[in-house]
Amino acid sequence: QSTVYDGRTGDAFDRKVTVGYIYMLKLHHLVDDKIHARSIGPYSLVTQQPLGGKAQFGGQRFGEMEVWALEAYGAAYTLQEMLTVKSDDVAGRTKVYEAIVRGDDTFEAGIPESFNVLVKEMRSLGLNVDLHNSKVGPATTSEAAE
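Going by the working numbering, the residue at position 120 of the sequence shown is 818; the numbering climbs one at a time, nothing skipped.
Certain hints may be false.
To be verified - Okay, the calculated beta carbon distance ranges per label pair: (1) Ile720 with Glu762: 20 to 30 Å; (2) Glu762 with Lys714: 53 to 63 Å; (3) Val729 with Met780: 19 to 29 Å; (4) Asn826 with Asp802: 37 to 47 Å; (5) Glu762 with Ser700: 49 to 59 Å; (6) Thr745 with Val715: 22 to 32 Å; (7) Gly808 with Ile720: 50 to 60 Å; (8) Glu769 with Thr804: 15 to 25 Å.
It is worth saying that the hints were derived from the structure and are not from the lab.
All C-beta atoms in this analysis are idealised placements derived from N, C-alpha and C, irrespective of residue type, glycine included.
Can you build the whole structure from these sequences, using the hints too?
Structure (structure tokens):
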């Protein structure tokens with residue numbers, strides 16, 4: 699602390715003043731600069747997932763721990779929608795849009811594009827990956843007995 703003098707009169711002020719380097723700075727974080735929302739926007743060409751970040755008009759990333767939180771909560775339908783239709787299921791995205799226009803409240807998720815990318819990467823490693831398009835339904839009592 700130091701004694702400071704009045705510049706007009708030359709008299710010392712009654713109290714001592716702390717002088718030194720300022721370790722606190724004003725942050726110029728304004729809501730208008732930070733807020734970001736997206737309903738539709740650009741998608742990655744390879745994975746068909748929404749781009750990330752405000753600068754690219756991307757979506758908000760739904761990470762692994764957020765997925766765990768929804769799993770623990772038991773929100774299976776919300777999780778399925780976020781990981782397929784709202785992410786990289788191109789055919790499902792179109793079907794959901796058409797269902798909303800018709801007034802339906804059901805949707806059927808397809809195969810995410812990230813799965814197709816995984817299959818192509820496995821094939822590039824020389825692995826023979828065959829996909830079978832068959833729907834698996836609930837087992838009947840006779841099938842369960844076998």
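Taking the hints in turn, this is what the structure says about them:
1. Ile720 with Glu762: 20 to 30 Å: violated, 40 Å
2. Glu762 with Lys714: 53 to 63 Å: Since Glu762 and Lys714 have Cβ atoms about 55 Å apart, the given range 53 to 63 Å holds.
3. Val729 with Met780: 19 to 29 Å: The hint (19 to 29 Å, Cβ to Cβ) holds, given that Val729 and Met780 are roughly 26 Å apart.
4. Asn826 with Asp802: 37 to 47 Å: About 39 Å separates the Cβ atoms of Asn826 and Asp802, which means 37 to 47 Å holds.
5. Glu762 with Ser700: 49 to 59 Å: Holds - the Cβ-Cβ distance for Glu762 and Ser700, about 54 Å, lies within 49 to 59 Å.
6. Thr745 with Val715: 22 to 32 Å: violated, 60 Å
7. Gly808 with Ile720: 50 to 60 Å: 58 Å Cβ-Cβ, so the 50 to 60 Å window holds.
8. Glu769 with Thr804: 15 to 25 Å: holds, 22 Å
Figure legend: structure checked against the earlier numbered hints; hints not met, in rising order: 1 and 6.
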